[in-house]
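Number of protein chains: 2
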Amino acid sequence: MPVFTEFSASSRELRVLPSFAPPLPRLSPPFANPSPSTTTTSSQPQQPQEDKYEVVIVGAGPAGLMLNLLLARYGLSDSSLLCVDAKSSTLRSGQADGLQPRTLEVLKSLGLADEILNDGCHMEEVAFWNPTGKKEGDVIERTSIVPDVSVPARFQHEVTIHQGRIERILETDLLRYSKRGVQRNTRLIDVKIDEESDAEFPIIAEIETEHPENGQKEKKIIRSKYLVGADGAHSNVRRCMGLSLEGESLDHIWGVVDLVVDTDFPDIRRRTAIHSPAGSVMVIPRERIATGDYLTRLYVQVPEIEIEAGDDHKAKDAAKARRAGVTLESIFQHAAEAFKPYYIRPKEDGAVDWWAAYQIGQRVSGQFTVKDSKGINRVFIAGDACHTHSPKAGQGMNVSMMDSYNLAWKLIYSIHGLTPGELASAKSDPVLDTYHLERHTIAQQLIDFDRAFSSMFSGKIGSEDGIGQALTHEQFLEVFSTGNGFTSGCGIEYPENITVEKFKDDAKRKNPITGIDYLSGILCPGRRLLNVRVKRFADGNRRDLHDDFLSTGRFRILVLTSSDLLNPTGISAKTLSTLSENIIPSFPHGTIEQVVVHPRLTISNSSNGSNGANGTNGTSKAHAYPYDTFTWRDLPAALKERSEMRFYSGIALDDIYSIYGVSESHGAIAVVRPDGYVGVVAALDDVVTVEGYLGGLLRRV
Amino acid sequence: MPVFTEFSASSRELRVLPSFAPPLPRLSPPFANPSPSTTTTSSQPQQPQEDKYEVVIVGAGPAGLMLNLLLARYGLSDSSLLCVDAKSSTLRSGQADGLQPRTLEVLKSLGLADEILNDGCHMEEVAFWNPTGKKEGDVIERTSIVPDVSVPARFQHEVTIHQGRIERILETDLLRYSKRGVQRNTRLIDVKIDEESDAEFPIIAEIETEHPENGQKEKKIIRSKYLVGADGAHSNVRRCMGLSLEGESLDHIWGVVDLVVDTDFPDIRRRTAIHSPAGSVMVIPRERIATGDYLTRLYVQVPEIEIEAGDDHKAKDAAKARRAGVTLESIFQHAAEAFKPYYIRPKEDGAVDWWAAYQIGQRVSGQFTVKDSKGINRVFIAGDACHTHSPKAGQGMNVSMMDSYNLAWKLIYSIHGLTPGELASAKSDPVLDTYHLERHTIAQQLIDFDRAFSSMFSGKIGSEDGIGQALTHEQFLEVFSTGNGFTSGCGIEYPENITVEKFKDDAKRKNPITGIDYLSGILCPGRRLLNVRVKRFADGNRRDLHDDFLSTGRFRILVLTSSDLLNPTGISAKTLSTLSENIIPSFPHGTIEQVVVHPRLTISNSSNGSNGANGTNGTSKAHAYPYDTFTWRDLPAALKERSEMRFYSGIALDDIYSIYGVSESHGAIAVVRPDGYVGVVAALDDVVTVEGYLGGLLRRV
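Chains A and B are the protein sequences, given in the same order. Under the UniProt record's numbering, the first residue of the first sequence is numbered 1, with each subsequent residue one higher. Under the UniProt record's numbering, the first residue of the second sequence is numbered 1, with each subsequent residue one higher.
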């Protein structure tokens, strides 16, 4: 291609970079750090300086990093946002390893799922092994294999991968948006609310930074509007705020070990629950490592003392003694017994990566936020700081990151002045109030599920001796399967609140939804919008609908138009016109996107073929596409203007009307929150409900 | 999870990093740069220094970067490998924008496809527009829409994306393996072969580096074993070596423009071929850019002079004159005429990204390599240096990168002493000879296809005047569709050579393949192995078979076992044992991997249920998986030892026996080259053929 003349715009040079998420608009006054810190050097006196930030995050584990990243992407700069962590680098010895389907959906919506999906271990199936029931020399046999994820989800599996790798992925991306990144080697000493000296920045935190080279420590006072404690199970923020975890420690003791195994056990690469006469084991297959070997995680029950009801103190002492006696050798010994008639051992010397022993406990904080005297939420806790539980259902890292995912958009909407309240946090923001309500509900469900699951898992199945006899494999499987909606993260449902407007039977408005099988995708306020496969009108691309619901902090109006879409005076056309011309422009520019789907459409002769450009006659076989029967000229003008690349056939691939429980003849509208959860569902002509819902959350312009 | 005791191996800390491709083993002596260059500073005298490298690459466009990256991944360090480029950074104003399905498969096998797939524009459909045929005020109408890719491929679409972004992705990955990366601001002045002064490093190149800050130039002499010219259509390497492009320039003149359009044309987001009474236009939809807009590329024909046969000189002059007169305004004017009755214009001021005018020419070099006096290939050319053609079929960047992909493994096998010849390149290496043979064949096909396609595209269709009248839409569609195997990259077939052993009817060995529809996946030496979906035995994972054929430089033996796999004395078991114990170990460790697939298997009573671990009885409905009927104990021990995580059901998802043309009762073996092309196919018991094929390419150990 010998070019002889060429012109190139300078903007074109930027096109080679990875895509950046667009920040949210800011209606509140821009934040300027009123007292920027001078560069800290070790020669300065130890007198604390005072910096100001809009948000301070304490802790950079999965919860803290996720929050930091989201706020940075949404628009908070380094001068406005500070995240500190006591450690000197991203975690390298974390214990969590499981990512649930819903977490994968969220990571995908952030553009962060690829490495995890490529290199992590996909757990697609679960095997159950139980005693054969033969009395002497009793061993185990496979009872069943079932799918690991039994609910519809974009990714029909879990992924296991080193927690440190998740953190490294989050931090690497953070550094695209933040020059500073996480401020390391910095621990929180104290935090308190002091409204008198500065009502706008009422949080006072004292932090201490240790110089990475000379070890000198420097203290500093920082003020902020908000502070989030993502500082783990032993949260100092929680302690300083006088919150506490409530619940009990049960005395089941487990050993956990990550290693490369040598075994003839058939299901070593499946997630496997073994209930053997010699105790329980859970097998978690892990990712491939640089040697080419595959890791395995084993959870091994340490037998044998059961809880003695009414004598908690004695039971706890006994458990403590047993726990102290756990060694790597004893873990292997118990595992070897449980795997019989199969053998299992480390593949070779050095094959053990990490091991630990732990005691199961389920505890949750009664409050996830602390308000100031005006009722404004000022301090938040997230992740392990709010809830601790056993690791075997693979929930910890997931629920923690989802805490932050829930909090981030509410916080930025408030800070950026996008919510209807007064600017500058002069009074309580009801959107922020929903954080505790929503996430505490989920945490409590997590604790309840984990307690039931752990107890069952620590019991025995089908053997003729021991107290576990009453628990059949079928009962265990039932708990496992019904829990899957919850454990997968795909079935959680937030309760009614200002951001979740449930349909009530006594409401005057029509309910456009048929069906109640919400796990399968029926639209339900409070649940996440299920991903479906759709075919785009403009270019015929087959796409995942979730790819139009990226985690960029925007609300989306999903319009499922009805079969009258081609009628210029029909309800679909009217609704699209009202949304586009009246409703969306009445809220801050760039906070609402519109996604439109069409059902089966029949075109009348009068509107078809007006100029021969609508496609060929019916004789050609290449034209089985529904869009061959109509073009943009047959559609409402407002549709192309606002949603040219977000307009899909809802029936060409998945039958999404059926999946979402919407009739093709009547259609429906759903407003989806920035975190992908359905906020409200309304009849197609009920734009009043849509406007009312958005008006409660967004400032009018 | 309150841990009280914890142990962590130090190796675990490495697990947080992205995965690296494992280098290939090296049997030849390690290379140590005999005269390492001192750091160049501008104050040094201009006397040329002399450095030595094993490979020097000239040019860091898509071809050069791909080769550099592959060789670095395969194991060449910065002291052994140098890539120079005259430009100061990765390309920011390149013209190529299309990635074909086969290129996407290769990028995926390198772990480099994700950003491209996420952010690029997927072209899934092609629309054809032709004159309505009404005489006065004739305009265009849509004739048909067809899939853009009509052959089976892992990705059923092309992707369009800025060439600079491809280069940035390649270079970013290169910097994970090479500290230096590309040496920029460095141009090649001269290159020659001089065997007398140093027979092992006979290539002498003179390069000149311009200091990026002070502009001072420094010359240097570098010696190398091999030199690759990936320096574009005006290749200096090609010129110095006395090679030349052969072929003719046709006089079709086209304008090309990248912009954000404002149009009511219905197929602006589809790849579209418009044959209008006013000339031809091709629409190439492009990626979304940071503004949220979508780019469009338009190729616009500049009318109207046709070639006058027999008077080339006159035609060329006329073309030149027309070409010089092309302006952005004239391009838009021609486009506006061709799009009637629709309007098209830049969306706003500044919406034009880049534009150029070009003249179609198809030319190819007669030789892609230059040998020394001993017959050893020493200098190679790749990419545009070997072939130039029109851009409209979206081939350039693809064929160029595939040149390098073909060359890289052959070069590293030779340099690392993995081929059977003498070490240290003392004599000709027949594996290296295949580069010219294979890639020249493809280049010639490219040129031939492009000539036909371009001529047809520049003609007219269906109008009643002009010479294009003879060309019907059906004829054009036919060329387009039959060309799809070639243009997609999925249908190319390398000719017989030492790395491609075709089956001959007169051969004594049995042909295990039924069928000849190679485009649909029937195994064929010289064609790439088609990706299929398989279900892994060990963990039930649904996988793409291509994910076991990553571009890490390894050969793979794909064993399609027969239905006797569970018979310990059957052919399948015998073959697996021979491959595992005799054949694979006789070649360098880590150069051959084995992938195994099984067909429908029925288990005899005697081998089933030996210890109750083979699954449950038939009453449970959760057990429809074939692997429930047998476990590792029923399979040859060699299988698990060598291919535990590369053993699949070939019938649970895709019916791969049928797709590959292999009978389930007889099975087959295919050896797949490091670049994913089938090298040889043999009957399941014909391990002699497999060993013979590998023995011709790999050194015995």
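Incorrect hints may have been included.
Since the list can't tell identical chains apart, any single copy or any two copies may satisfy a pair.
Here are the computed lysine to any residue pairs in the SDA-like style, where the Cα-Cα straight-line distance is at most 25 Å [to be verified]:
1) K179 <-> S89
2) K371 <-> T209
3) K179 <-> E115
4) K640 <-> D293
5) K340 <-> I189
6) K87 <-> R699
7) K374 <-> S77
Hints are computed from structural coordinates only; laboratory data are not their basis. Predicted model only: the values in this text are computed from it and were never measured.
Right, here's what the structure says about each hint:
When the C-alpha separation of K179 and S89 is checked against a cutoff of 25 Å, the pair qualifies both within a copy, at 16 Å, and between copies, at 23 Å. For the homomeric pair K371 and T209, neither the shortest alpha-carbon distance inside one copy (28 Å) nor that between copies (64 Å) is at most 25 Å. Both within a single protomer and between protomers do K179 and E115 lie at most 25 Å apart by alpha-carbon distance, with minima of 23 Å and 23 Å respectively. In this assembly of identical chains, the alpha carbons of K640 and D293 lie at most 25 Å apart only when taken from different copies (13 Å versus 52 Å within one copy).
Taking the shortest alpha-carbon separations for K340 and I189, neither the intra-copy value of 51 Å nor the inter-copy value of 72 Å comes in at or below 25 Å. When the C-alpha separation of K87 and R699 is checked against a cutoff of 25 Å, the pair qualifies neither within a copy, at 40 Å, nor between copies, at 50 Å. Taking the shortest alpha-carbon separations for K374 and S77, neither the intra-copy value of 27 Å nor the inter-copy value of 64 Å comes in at or below 25 Å.
Hint violations for this structure: numbers 2, 5, 6, 7, all remaining hints satisfied.
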